[in-house]
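Once you've looked at the hints, dock chain B against the given chain A.
This is what each chain is made of:
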Amino acid sequence: QKEVEQDPGPLSVPEGAIVSLNCTYSNSAFQYFMWYRQYSRKGPELLMYTYSSGNKEDGRFTAQVDKSSKYISLFIRDSQPSDSATYLCAMRSQGGGATNKLIFGTGTLLAVQP
Amino acid sequence: SQTIHQWPATLVQPVGSPLSLECTVEGTSNPNLYWYRQAAGRGLQLLFYSVGIGQISSEVPQNLSASRPQDRQFILSSKKLLLSDSGFYLCAWRPLSGTGSNGYTFGSGTRLTVV
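Chains as they are written, first to last, in our numbering: chain A, 460 to 573; chain B, 448 to 562.
So here's chain A without its partners, still in its complex pose (with noise of 0.2 Å):
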């Protein structure tokens, strides 16, 4: 079982629709949990960042996490052609150092359809 599980996809929605992206995860020590945006042939840039569990807003983002059920979601409400690109859940434990690394989910494909 993969540490991190993410459905590839792809996902189209019309213009305007609330698209809800999702990630589920094994390891209970997990703490902080990201959401990363990747366009076509660039890397993926940080979207999201939440501590724990609870939601988090920006704009017409939101980041929920629920650490009971190992399952983390990226809400995108009135959604945009913009919007379009691989979205990557990524996820480590407490903890500095690099050895305590991130952990990517396989990203999800999503396409906005104007």
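Some hints here could point you the wrong way.
Okay, derived cross-link-like pairs now, DSS-like style, lysine-lysine, Cα gap no bigger than 30 Å in a straight line [claimed, not checked]:
(1) A:K461 with A:K501
(2) A:K560 with B:K526
(3) A:K501 with B:K527
(4) B:K526 with A:K501
(5) A:K515 with A:K461
(6) B:K527 with A:K560
The set of hints was computed from the structure by calculation and includes no laboratory data.
Then chain B, alone, in the frame of chain A:
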């Protein structure tokens, strides 16, 4: 502000040829540095990471090597490329003492095609 530079953006190399990809970080000191490879539909695979000059840790056995000759310079190399080395290579960094998001900042990537 911190920036990360990675080059070249695209590279086509014959099988058996050498490889050198370079990554530099500006605006920070003592960063943790990482090399990832991303294959289509397979997510990010960590290849190497470094916590300081000359300190390299390898995550998977492979045909590649890494070096860190300066604090903010990270190089990915191969003496003889294989077809299976094709992929999208990403360099990333994060502060040595984690603050804020503890996330990584990625470069723009190098798309390597071995022919």
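Tested hints:
1. A threshold of 30 Å between alpha carbons decides the hint, and for A:K461 with A:K501 the separation of about 25 Å falls inside it, so the pair holds.
2. At most 30 Å may separate the alpha-carbon atoms for a hinted pair to count; A:K560 and B:K526 meet this at roughly 28 Å.
3. Under the criterion of a C-alpha separation no larger than 30 Å, the hint pairing A:K501 with B:K527 is consistent with the structure, at around 26 Å.
4. As the CA atoms of B:K526 and A:K501 are separated by approximately 26 Å, the hinted pair is consistent with the 30 Å bound.
5. For the hint pairing A:K515 with A:K461, the CA-to-CA distance comes to about 26 Å; that is within 30 Å, so the pair holds.
6. Between B:K527 and A:K560 the alpha-carbon distance is near 29 Å, which keeps this suggested pair within the 30 Å criterion.
Taken one by one, the earlier hints all hold for this structure without exception.
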